[in-house]
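Given only the sequences and the hints, what does the whole structure look like? Please build it.
Chain residues, written in single-letter form:
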Amino acid sequence: MADPLHQFVVTKTIPLAIGGVDISFTNASAWMLIVSGAAAVLLWLGLRKPQLVPGRAQSAVEMLYEVVDETIVSSAGPEARKFFPLIFTVFMFILFANVAGLLPYSYTVTSQIVVTFTIAFIAFIGITLVGIANQGFGFLRMFAPPGVPVAMYLILTPIEIVSYFIRPISLSVRLFANMMAGHVLLKVLAGFVVTLGIFGAIPLLVVVGMTALEALVAVLQAYVFTVLVCVYLNDALHAHH
Amino acid sequence: MPINPPIDEAALDARLAEVRNARDAEVVRADAARTAGTAMGIGLRIGIELVVGVAIGTGGGFALDRWLHTAPWLMILGLIIGFAAGLKNVFRSADEYGQKWDAADAADRVEK
Numbered sequence: 001m002a003d004p005l006h007q008f009v010v011t012k013t014i015p016l017a018i019g020g021v022d023i024s025f026t027n028a029s030a031w032m033l034i035v036s037g038a039a040a041v042l043l044w045l046g047l048r049k050p051q052l053v054p055g056r057a058q059s060a061v062e063m064l065y066e067v068v069d070e071t072i073v074s075s076a077g078p079e080a081r082k083f084f085p086l087i088f089t090v091f092m093f094i095l096f097a098n099v100a101g102l103l104p105y106s107y108t109v110t111s112q113i114v115v116t117f118t119i120a121f122i123a124f125i126g127i128t129l130v131g132i133a134n135q136g137f138g139f140l141r142m143f144a145p146p147g148v149p150v151a152m153y154l155i156l157t158p159i160e161i162v163s164y165f166i167r168p169i170s171l172s173v174r175l176f177a178n179m180m181a182g183h184v185l186l187k188v189l190a191g192f193v194v195t196l197g198i199f200g201a202i203p204l205l206v207v208v209g210m211t212a213l214e215a216l217v218a219v220l221q222a223y224v225f226t227v228l229v230c231v232y233l234n235d236a237l238h239a240h241h
Numbered sequence: 001m002p003i004n005p006p007i008d009e010a011a012l013d014a015r016l017a018e019v020r021n022a023r024d025a026e027v028v029r030a031d032a033a034r035t036a037g038t039a040m041g042i043g044l045r046i047g048i049e050l051v052v053g054v055a056i057g058t059g060g061g062f063a064l065d066r067w068l069h070t071a072p073w074l075m076i077l078g079l080i081i082g083f084a085a086g087l088k089n090v091f092r093s094a095d096e097y098g099q100k101w102d103a104a105d106a107a108d109r110v111e112k
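Protein chains in written order, with my numbering: chain V, 1 to 241; chain G, 1 to 112.
I should point out that these hints are in silico values taken from the structure, not numbers from a laboratory. All residues carry an ideal CB built from backbone N, CA and C; glycine is no exception. Treat the hints with care, as some may be off.
20 angstroms max Cα-Cα, derived EDC-like pairs, lysine to aspartate or glutamate [to be verified]:
| id | chain 1 | residue 1 | chain 2 | residue 2 |
| --- | --- | --- | --- | --- |
| 1 | V | Lys49 | V | Glu62 |
| 2 | V | Lys82 | G | Asp13 |
| 3 | G | Lys100 | V | Glu62 |
Computed beta-carbon distance windows for the label pairs [unchecked claim]:
| id | chain 1 | residue 1 | chain 2 | residue 2 | range |
| --- | --- | --- | --- | --- | --- |
| 4 | V | Leu86 | G | Glu9 | 45 to 51 angstroms |
| 5 | G | Arg109 | V | Tyr153 | 26 to 32 angstroms |
| 6 | V | Leu103 | G | Ala17 | 41 to 47 angstroms |
Sample of chain V residues lacking proximity to chain G, with all beta carbon distances greater than 10 angstroms (derived) [said to hold, decoys possible]:
| id | residue |
| --- | --- |
| 7 | Ile14 |
| 8 | Leu86 |
| 9 | Asn134 |
| 10 | Pro149 |
So this is what it looks like as structure tokens:
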């Protein structure tokens, strides 16, 4: 049976090292370029000749715009709109990377924790800075919820601090684990199709269903990531009540 | 041929702001109703919080133990704090959905 983890191996397409630092162009880099390019091409096609009654590409772009805009407004309020470009970029990149990962022979960049963690970490640092800029030191009050006896702060504050700092980790692990687990499961089940001979029809059916489920998960995960970034942004913009 | 009346920019801005606010309010309301539907989204979101909390708490405690030679105490402490932090995140998101559901219910009742 084929190795189900083989699909996640990073291979060097163009080996490159500058000053001992390995900066090779890999298959992962290639797919990051491809998905960013695909997103850019869709946006360009949709907005090339904007019309009052939109065509197909323009409709798609407008829907994507509205999904992100509504997510931002409903989760973080209208004043969070000024962060729209970053949040939209994150959403489009993850969405395209997840969906492109479903194509045969493709590479799922979001199945690498280094990719998802980098995105989550950028959002986390940015949101923390926004919080400090907005609320000053009052932002730290988040770690000491009001209305509890003073002695409780000894326990509560470490818990609040840990729960704040695991946010980027849970954000990135959620995305990477879902993408990786789905792809491994698909590959393992697909392996059974060959080894079981005539009975391989059963896992084949399951794989067909799983593929549909994976398509749903790919889109949903991009959405969940965006929603959570907005929810965290909400904490930074509005003081705790 | 009719001549366009002079544009009162302030009035136009006020009208634009009004429409925008109405739309934003509508978005918040629609989202409250929609969120109630995506149970899978909620499940995907909450499931991992607890796991990561425990893993990071324990791992962090273990690393501190190796560094400070205090095994196994910081790991035990980290496990407890990580578990609590994970639970706190779970409760936080559950609470958020609860509020949205309540808002959707309230909006429904107003309509009926």
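Structure versus earlier hints, numbers of those that do not hold, lowest first: Result: hints 3, 4 and 5 break, sorted rising.
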